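A.B. asks: Quick note, the sequences are listed as chains E and S, same order. Numbering (the working numbering) for the first sequence: 1 to 334. Numbering (the working numbering) for the second sequence: 1 to 558.
For the record, the hints were derived by calculation from the structure and aren't laboratory data. Only a predicted model underlies this, so the values are computations on that prediction, with no experimental measurement involved. Glycine included, every Cβ here is placed at the ideal spot set by N, Cα and C. A portion of the hints provided could be inaccurate.
[Claimed, not checked] Okay, the calculated beta carbon distance ranges per label pair:
no.: 1; chain 1: S; residue 1: 96; chain 2: E; residue 2: 252; range: 42 to 48 Å
no.: 2; chain 1: E; residue 1: 178; chain 2: S; residue 2: 385; range: 47 to 53 Å
no.: 3; chain 1: S; residue 1: 176; chain 2: E; residue 2: 58; range: 55 to 61 Å
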Amino acid sequence: MSNAVSPVAIPLTVVGGFLGAGKTSLVTHWLQQAQGQRIAVLVNDFGELNIDAELLSARNSDTIALSNGCVCCQIGGDLSQALLQVLNNPAPFDAIVIEASGVSDPWPIAQIALADKRLSLHGVLVVVDAQAVRQHACDPLLQDSLMRQLRSADLLVVNKTDLCSPVEQQDCITWLHQTLGPVPYVNSQHGQLALTLLQSDWMPEPLSDGLSGHVCTPHCTHEHASEHHHATDHGALFTSDCRRPEAVFHTNWLREQLKQTPTWVMRIKGWVRTHEHGWSEVQFAGRHASVRRARHAPTQARVLTISQRSVQSAQALASWLDTVFEECEVEGVK
Amino acid sequence: MHPTPITIYVARDILTMNPMQASATHVAVRDGRILGVGDLAELAQWGDYTLDTRFADCVLLPGLIEGHCHLKEGGMWDMEYLGWFDRLNPWGQTVKGLHSMEAVVQRLIEIDRKMQQSGAAPDKPLLAWGFDPIYFGGERMTVEHLDRASTTRPIVIAHANGHLMNVNSPMLRIAEVDEDIEVEGVVKFKSGPRKGQPTGELQEPAAMFLVLRHVGDAGLLSPMDETGMLNFARLANMQGVTTATDLVNTLSEADCAILESALAKDECCVRILPAFKAFHGTHGAAQGAEHVKAMTQRNTDKLRYGLVKMMLDGSIQGFSSRMRWPGHFNGAPNGIWVTAPAQYETDFEIYHRAGLHIHTHTNGDEASLAAIDAIERVLTRSPRPDHRHTLQHAQMVDAPMFRRMASLGLCVNLFANHLWHWGDQHYEMTMGPDRAHRLDACGSALAAGVPLAIHSDAPVTPLGPLFTAWCAANRITPKGRVLGEKERLSVMQALHAITLGAAWTLKMDHEIGSIETGKRADFCVLRDHPLTLGAEKLKDARVWGTVLGGQVFPAHTA
Numbered sequence: 001m002s003n004a005v006s007p008v009a010i011p012l013t014v015v016g017g018f019l020g021a022g023k024t025s026l027v028t029h030w031l032q033q034a035q036g037q038r039i040a041v042l043v044n045d046f047g048e049l050n051i052d053a054e055l056l057s058a059r060n061s062d063t064i065a066l067s068n069g070c071v072c073c074q075i076g077g078d079l080s081q082a083l084l085q086v087l088n089n090p091a092p093f094d095a096i097v098i099e100a101s102g103v104s105d106p107w108p109i110a111q112i113a114l115a116d117k118r119l120s121l122h123g124v125l126v127v128v129d130a131q132a133v134r135q136h137a138c139d140p141l142l143q144d145s146l147m148r149q150l151r152s153a154d155l156l157v158v159n160k161t162d163l164c165s166p167v168e169q170q171d172c173i174t175w176l177h178q179t180l181g182p183v184p185y186v187n188s189q190h191g192q193l194a195l196t197l198l199q200s201d202w203m204p205e206p207l208s209d210g211l212s213g214h215v216c217t218p219h220c221t222h223e224h225a226s227e228h229h230h231a232t233d234h235g236a237l238f239t240s241d242c243r244r245p246e247a248v249f250h251t252n253w254l255r256e257q258l259k260q261t262p263t264w265v266m267r268i269k270g271w272v273r274t275h276e277h278g279w280s281e282v283q284f285a286g287r288h289a290s291v292r293r294a295r296h297a298p299t300q301a302r303v304l305t306i307s308q309r310s311v312q313s314a315q316a317l318a319s320w321l322d323t324v325f326e327e328c329e330v331e332g333v334k
Numbered sequence: 001m002h003p004t005p006i007t008i009y010v011a012r013d014i015l016t017m018n019p020m021q022a023s024a025t026h027v028a029v030r031d032g033r034i035l036g037v038g039d040l041a042e043l044a045q046w047g048d049y050t051l052d053t054r055f056a057d058c059v060l061l062p063g064l065i066e067g068h069c070h071l072k073e074g075g076m077w078d079m080e081y082l083g084w085f086d087r088l089n090p091w092g093q094t095v096k097g098l099h100s101m102e103a104v105v106q107r108l109i110e111i112d113r114k115m116q117q118s119g120a121a122p123d124k125p126l127l128a129w130g131f132d133p134i135y136f137g138g139e140r141m142t143v144e145h146l147d148r149a150s151t152t153r154p155i156v157i158a159h160a161n162g163h164l165m166n167v168n169s170p171m172l173r174i175a176e177v178d179e180d181i182e183v184e185g186v187v188k189f190k191s192g193p194r195k196g197q198p199t200g201e202l203q204e205p206a207a208m209f210l211v212l213r214h215v216g217d218a219g220l221l222s223p224m225d226e227t228g229m230l231n232f233a234r235l236a237n238m239q240g241v242t243t244a245t246d247l248v249n250t251l252s253e254a255d256c257a258i259l260e261s262a263l264a265k266d267e268c269c270v271r272i273l274p275a276f277k278a279f280h281g282t283h284g285a286a287q288g289a290e291h292v293k294a295m296t297q298r299n300t301d302k303l304r305y306g307l308v309k310m311m312l313d314g315s316i317q318g319f320s321s322r323m324r325w326p327g328h329f330n331g332a333p334n335g336i337w338v339t340a341p342a343q344y345e346t347d348f349e350i351y352h353r354a355g356l357h358i359h360t361h362t363n364g365d366e367a368s369l370a371a372i373d374a375i376e377r378v379l380t381r382s383p384r385p386d387h388r389h390t391l392q393h394a395q396m397v398d399a400p401m402f403r404r405m406a407s408l409g410l411c412v413n414l415f416a417n418h419l420w421h422w423g424d425q426h427y428e429m430t431m432g433p434d435r436a437h438r439l440d441a442c443g444s445a446l447a448a449g450v451p452l453a454i455h456s457d458a459p460v461t462p463l464g465p466l467f468t469a470w471c472a473a474n475r476i477t478p479k480g481r482v483l484g485e486k487e488r489l490s491v492m493q494a495l496h497a498i499t500l501g502a503a504w505t506l507k508m509d510h511e512i513g514s515i516e517t518g519k520r521a522d523f524c525v526l527r528d529h530p531l532t533l534g535a536e537k538l539k540d541a542r543v544w545g546t547v548l549g550g551q552v553f554p555a556h557t558a
C-alpha cells in the first residue's frame with residue numbers, strides 16, 4: 001500500500017528524444033551537477049551511462065547510487081515498479097527524471113505523474129539532435145515516432161549545436177517551428193542544461209533578464225564574467241506572468257480555454273476557485289492542461305505562466321491570459 | 001566396469017522424424033541417450049536389456065519442442081483465468097473459456113464465494129488474467145459488471161494483451177480513482193447516470209500504475225519463483241514438451257538462481273533455454289554479450305544459456321506492430337517501435353560478433369523488413385557461418401521476404417496459434433482478408449527454404465505444440481474461415497516444425513528433435529497416432545506423458 005502522502009509533491013520530468021540526440025548526456029549532467037539536490041533518474045538501461053568514478057558510491061544490477069545523494073535506476077521491464085522503488089525510498093527525492101527510450105512517446109510516460117499524489121508533472125523535455133533531426137523526419141520508418149515525440153514537448157532542447165554552423169542551427173529551429181509551431185526551446189551542447197529546469201519553484205523573472213536555459217561550461221566560447229554568471233549575450237529565454245484571478249470558474253469552461261493554450265507557453269501552474277470543486281489546481285505540462293480539486297487551500301488565487309520570451313509572444317501572452325483569467329470575469333461568463 | 005543397463009521400449013509406432021528411418025517399433029536407451037532404433041532383434045545385439053512394455057499401445061514422438069514461450073505460463077496460476085478459450089491448468093484441469101460478459105461475472109461471483117468459504121480476508125484482492133474484450137464485439141466491461149461480483153473485495157482483471165485492466169469500485173476507492181482524475185487511460189462513462197465517473201477500465205501504464213502500486217506484489221508483477229517453474233514443468237509434461245525456451249529473461253542472479261535450483265530437481269522435467277533480454281535491459285550490448293557468454297559456463301543438460309532476445313515492435317491485435325503499406329485495415333495509425341531500427345542494428349552486430357545466437361521479435365511486416373535489412377548489412381560486414389539467427393512471430397512476412405531470409409541463412413518461428421486465437425480479428429479488423437490469408441505463412445516459408453518452427457508464445461496462448469501444429473495444418477478460425485488454404489502444412493511438416501524444425505532454430509538439432517542413435521532419450525508419448533488422426537483431429541491426440549533423458553514422466557491428469 002502507498003505511503004503517507006508527503007506534503008510536497010515531487011516534480012517529475014520526462015526526457016524524450018531520438019537515439020543519439022543526447023538524452024543520456026543530459027541526465028548524466030544533472031546527476032553529476034546536482035548542487036545539493038537529490039535527483040532520481042530512471043533510465044531504460046545503464047548501457048551508455050558514464051558516471052565519473054569518484055562520484056560512484058554503490059552499484060547493483062538495477063541501481064547506481066552517487067555520493068552526492070542522487071540515484072540512477074533502471075526501468076527494466078516495468079516503469080511502475082521502478083518508480084515505486086524510488087517513491088518508497090525512505091529519504092524523499094527533490095526531483096525525479098524519467099529518460100524515455102529513443103522511440104517512445106514521452107506523453108504516456110508523463111501521465112504517470114498524474115496518477116500519484118506524491119508526484120507532480122513538471123514537464124516533458126524532448127532533446128533534438130540539431131544536425132540529424134530533419135534527416136530522421138524524412139525516414140519513413142521513423143517519421144511518425146519522431147513526430148509523436150516532438151509534439152509532446154513543453155520544451156525542445158536543441159542539442160549538439162556545437163557541431164552546427166549558426167546557419168544550420170537557425171535552419172533547424174525554423175524547421176521545428178514550421179512543423180510544430182513556436183514551441184519553447186533552448187540550445188544546448190553536450191546536454192548541459194540548467195538544473196533549475198527540474199525544480200518546481202523555478203520561475204524566470206518577469207520582464208527583466210531572467211534565467212537562460214544555458215549553463216556555462218568549459219565548452220562555451222563566450223567570455224565568462226564569473227563562474228556562474230550568465231553572460232548577457234545569451235539573453236533571457238523565458239518570461240513569466242503571474243495572475244491573481246478573483247473569479248470563480250466553471251471547470252469545463254476553464255478546461256476548454258486551456259486546451260487552446262498557445263504553443264509558446266511552456267508551463268502553467270496555479271490555484272483558482274471553481275464552482276465544482278472550490279479551490280482547484282490548474283496545470284499545463286506535457287502540452288496537456290488539467291483542472292482538479294486542490295489538495296489544500298491556498299491563501300489566494302494565483303496562476304503562474306512561463307513562456308518563451310520573444311518580442312511577439314510577450315504581448316500575445318498577456319492578451320491571452322487576459323482572455324482566460326481577467327476579461328470574461330466582467331461579462332460574468334466564467 | 002559394468003556397462004550401464006539398457007532399456008528397450010516397445011511402442012505401437014515410433015515416429016522418429018529421421019527421414020532415413022521414419023518409423024520403428026523399438027528404441028533402446030542407455031545413459032539417458034538413444035542407443036538404437038529398429039526392431040527388437042536389431043537392438044538386442046547390444047547385449048543385456050530390460051524390455052519395457054508400458055508404451056506398447058502408445059506412439060512415440062521425439063519430445064516436443066516449444067521454441068517460443070515463457071516460463072510465466074506456469075507462474076500465472078496464483079490468479080484466476082478468465083480467457084475466452086479453454087485452458088489447461090497445472091493440475092490437469094481444463095478451465096472453461098468464458099464467452100459472454102455474464103459468464104465472466106458469474107465466474108467471479110463463484111470465485112468470490114470460494115474465497116469467502118476458505119476464510120480469505122474480505123479485502124483480499126481477487127486477481128485474474130487472460131480476459132480479452134476483443135471477442136465481445138465492442139462490449140466493454142465496467143464496474144457495473146464487476147460490482148455484481150463484489151462490492152467489498154477489490155477485483156483486478158488483467159487483460160490478455162498486458163496493456164489494459166478492469167477493476168471494481170472497491171479497487172477504485174483504494175486506488176483513489178474518481179471523476180477528478182485526469183490520467184487519459186482512466187476510461188470514464190460518456191453518458192448515463194454515471195457520466196464522468198470512471199468505468200473501471202484502465203489503459204496503459206500510467207492508469208494501471210494507480211492500481212499496481214496497491215496490488216503489485218500480489219501476482220501481476222511478481223517475479224518467477226520455483227513453484228511457477230514446477231507448474232510450468234507439469235504443463236509441459238501434459239503437452240508432451242521436453243524442451244522449451246524462456247524467451248525473455250533478465251538473467252539476473254535471482255532469476256538464474258531460480259532456474260538452476262528448480263531444474264536441479266528431477267520433477268522439473270523439462271530442458272529450458274532462457275534468452276537474455278537484450279532490449280531495455282540491464283546491460284549495454286557489449287556487457288550484455290559478455291554476460292551471456294559467461295553464463296554459458298553454467299550450462300547443464302537441462303539448462304542452456306546462450307540465446308539472446310531482441311524486440312523491434314509491438315503486437316498486431318494491440319495495433320502496436322509496425323506495418324507496411326497499406327497499414328491497418330480499420331485505419332488505426334501505425335504501431336510503435338520497441339527498439340529503434342538503428343539501435344537494433346548496432347546492438348545486433350555486437351551480439352552477433354560475440355558469436356551469440358539472436359532471436360528477434362517482429363510482428364508487423366515493416367518490423368520484419370527492418371530486421372532483414374539490418375541483418376543483411378551486419379552479415380555483409382561480419383559474415384558468420386551457421387548463425388541461425390531467427391525471426392520470432394514474423395507473422396506478416398511474405399514470399400519475397402522469406403526468399404531474402406533464406407539467402408541470409410535466417411530461420412523463422414511463426415506464431416501459428418494466432419490463426420485460431422485472433423484469425424477472425426485479423427481478417428475483420430487489423431489487416432483485412434488478403435494479408436490475413438498469408439498470416440503466419442508456413443507454406444511460403446518452407447517453399448522459400450527457410451527453416452521453420454511454430455509456437456504458442458505461452459502464456460499469450462496456451463502451451464501445446466500439438467495444438468500449434470493443428471493450427472498450422474488447418475489454418476481455421478473460430479468463425480470457420482480458412483485463412484490461406486495453400487499455406488497449410490501437412491501433418492508431417494507440422495510435426496517437424498514442433499520437433500526437429502524447432503530444434504534447428506535453437507541449435508539443438510544434434511541433441512534433440514528426432515529419435516536416432518546418439519541423441520538424448522527425450523520422447524513425447526501419445527495414446528493416439530497423429531497420422532491416423534490426420535490434420536483435422538491432430539489437436540485431439542492424447543498425451544500419455546514424456547520421457548526426459550531416459551526418465552519416464554507420466555502426465556498428471558485431473
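A.B. asks: Any hints from earlier that this structure breaks? Give me their numbers in increasing order, please.
C.D. replies: 3
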